[in-house]
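Chemist: These are the residues of each chain, in order.
Protein chains: 2
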Amino acid sequence: MSAEPPRYRRLADELAQLIHGGTLRPGDRLPSVRQTQASRGCSAATVFQAYHLLEARGLIRAAERSGYFVAPPAAPVTLPARDPQPVAVSELVFQLLGTGGHEVHAPLGSAFPSPELFPFDKLRSALAAGSRRLVPAELTQQLPGGHEGLRRQIALRYLRLGMSITPDEIVLTDGALEGLNLSLQLLTRPGDAVLIESPGFYAALQALERLGLRAVEVPTDPATGADLDAMAALIARHAPTACWLMTSFQNPLGGLMPADKKCALVELLERHAIPLIEDDVYAELQHDGPPPLPAKAYSTQGGVLHAGSFAKTLAPGWRVGWVAAGRFAPALRRAKLSQSLSGSWPAQAAIAHYLEGGDHERHLRSLRRALAAQQRALRAAVLQHFPAGTRVTQPQGGYFLWVELPAGHDSLVLHHAALKEGISLAPGPLFSAEGGFRHCLRLNSGQPWTPALAAAVERLGELIRLQAG
Amino acid sequence: MSAEPPRYRRLADELAQLIHGGTLRPGDRLPSVRQTQASRGCSAATVFQAYHLLEARGLIRAAERSGYFVAPPAAPVTLPARDPQPVAVSELVFQLLGTGGHEVHAPLGSAFPSPELFPFDKLRSALAAGSRRLVPAELTQQLPGGHEGLRRQIALRYLRLGMSITPDEIVLTDGALEGLNLSLQLLTRPGDAVLIESPGFYAALQALERLGLRAVEVPTDPATGADLDAMAALIARHAPTACWLMTSFQNPLGGLMPADKKCALVELLERHAIPLIEDDVYAELQHDGPPPLPAKAYSTQGGVLHAGSFAKTLAPGWRVGWVAAGRFAPALRRAKLSQSLSGSWPAQAAIAHYLEGGDHERHLRSLRRALAAQQRALRAAVLQHFPAGTRVTQPQGGYFLWVELPAGHDSLVLHHAALKEGISLAPGPLFSAEGGFRHCLRLNSGQPWTPALAAAVERLGELIRLQAG
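From first to last, the protein sequence lines stand for chains A and B. Under the UniProt record's numbering, the first residue of the first sequence carries the number 1, and numbering increases by one thereafter. Under the UniProt record's numbering, the first residue of the second sequence carries the number 1, and numbering increases by one thereafter.
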């Protein structure tokens, strides 16, 4: 493991400094890849990676066939590109998640799949059945950790994957989100550095901001997840105290870290005694099969806190999630007790009852089929209606597409224009503390495909072309 | 308002320094009240107040008819008596709240009233009815703030008290506890000083500890709540950034701050722009009538965050609470979104449905009657079986009794001895960051009065007498 960041990163940082210092100014052309390759004595791949990183940060733009140019300053959301840096994105996130009073008919910016995909009738009867079994005394006696029957059902689901997790290791939380937040708070002190993905889930950025932590952004590949060489270098440089990642069907990219890479990730982190908060709420939504093994499966030292949820697969709004917290389980159980005592009993009891019923696998199969079909339809429409040069991911699970528009487009401007027409989207800068990804956006393929949605995608394409004009 | 703390406090601090510095040693006799009165030129009342404060801190003990002596060091839980001080009680709280593997048949240390007091049949049908009205799309659209119908019902309950609170000002949280924690986090930065009661609710101490805040403990009268003169002096000295109090049926003392004092409290805090986090979860449990007005009713600047809950009055374990957050409502709504998105929909919908049904007042009347009768029975048993010199509060609401044992008794030792016999209690040191109140304990009168409970109180009395021997 090198104490230095990888070469492309150093090259990118050097060029970024020239841009921030004003040596390179908006509109200036960067040296060509071949020139830089020669002058630096490095490979073309290194130069391309560096330029791609700068592009991702919104600092430079590729102009087709004519090279790379320094981008104009990113007006409404200039965030300083320090590294690691205190996080200040909450305000932006809340602004962009709001609808500004517009009625949204095409929720392509939503973080949720359509509620129509869930078995509400079965949930209703589970609620009635679960409530009949409510024993008043249980309510206050079984508090630590949450509903025992549900923790057992979750442990059984781990067992199907070949993982031995006891109900005692599981702490039920109000959705995975509370579990992730409590885990992060447990593991850090204000001012600490924390490894996160770039682009990554905005709620992680908000959590870092609220706790006064510094974000160490790890470059993340759209297909295979966080770059482990970069991570090793960042560990050596910044001594982070925790790492928060999504290893399967990452939000927003949709990438699935291959099994051997998950294993290497855990090995790297455990070697440095850095706990991993593994946000794994999309794992059950692998389109063509059962969930991939999480990184936690490769942990030997109990250092992985694995967070899951029923919010994306079964019962959105019920706020039933969990953390299998490894050696941190006793501390996390206490953190949960102090923060909000326990999860809500009726929802926990109902989901336990539903899982005991054995219908969940059938529901998951039909949900996965629906999500796969919807993704194909949305992806095809984007490729048809968006300008040439647009790149779209093709995740094997979950319900997000990550769209990179050709240089010169601005997803923040697009967001505001689209919202006026009732179309939402999630602009790229939501997903980074450094404010990059201006030419990127996340689209939600969790909505049933309808002519109205098709028309909305076509209209988005028109709005993007208007931008270029 | 004086910049100095009150005279008795200065005298107590001075004597405490002599004790901590070793000038006064365990067993040493303190100057008599008359001597001190003469040497300091102050009133006997001032000396008594100072000695009482030192006794409450566990530093001195009164020996009947022979004066005050320096107490032996408080072995297992010596916490330094700095002022204000970082908080480190969580470990103690969790130890003492646990049952150490013993089966508890007399839960006199519990924080909850007996679940048997709640209308579970009605709650079950409300759950079924509420779930039938679940509209899938609502689950993700009405998120900010929580279930709209429930917020309206809560606003209507404020209106009965003559308070105009809009549903928009209300943020639903997972019990009051999450709301209190999120409020505190919103209003403070690590290292800030926060005013709390002494003795006070241990969850507040835990929250301060988790957030790295310093506790400024305000002496609190068992009958009328926090001492406002002391508070004014502490504000001048420590510039606290928030205040967290229970103004009605305070935990653990049971005191009810009179209306004019609540008014003066708000005036004092708003004059210094210090937000008040008003934990008011027992207000509905006034034994002989409707809830007293909260301090928030006297606020003119929106600086009071008023937290309530259905956990103590209707549905323990369902985790449905709220904060009417005044001018902090938008910020708190965002904090809740970032921390755990929303409360659990089924519980919120069911309680909204139940409240619309109009049976709640009748249930509350019968609950209040039961709590009043149970308190009378428990109080009489304590006075009968505990040693002479025992003092017991007589709260007008809630379900806690605060018991002061005669000098020489130790509630921590008693706690461990009683737990072995299946009797729990809440020892005094749970309720202070300074580790005082060793001779005090909190008993729960929320349990139906039974011969078994009566026998448990009698046995507690025996254990106390054994201690003295």
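No lab work stands behind these hints: they were computed from the structure. Treat the numbers as computed from the prediction; the structure is a model and nothing was measured. Glycine residues also receive a C-beta, built at the ideal position from the N, C-alpha and C atoms. Honestly, I wouldn't trust all of these hints.
What the hints assert, rightly or not - Covered stretches of chain A (in silico footprint by chain B; criterion: 3 or more residues with CB under 8 Å from a CB of chain B, positions within the stretch not fixed):
id: 1; segment: 194-207
id: 2; segment: 343-353
Unchecked claim - Distance ranges between label pairs, derived from CB positions:
id: 3; chain 1: A; residue 1: P290; chain 2: B; residue 2: G162; range: 38 to 48 Å
id: 4; chain 1: A; residue 1: E458; chain 2: B; residue 2: K122; range: 30 to 40 Å
id: 5; chain 1: A; residue 1: Q301; chain 2: B; residue 2: H20; range: 15 to 25 Å
id: 6; chain 1: B; residue 1: L161; chain 2: A; residue 2: R189; range: 34 to 44 Å
id: 7; chain 1: B; residue 1: G191; chain 2: A; residue 2: R157; range: 53 to 63 Å
id: 8; chain 1: B; residue 1: L159; chain 2: A; residue 2: G212; range: 15 to 25 Å
Chemist: List in ascending order the numbers of the hints, as given earlier, that are violated by the structure.
Modeler: 3, 4, 5, 7, 8
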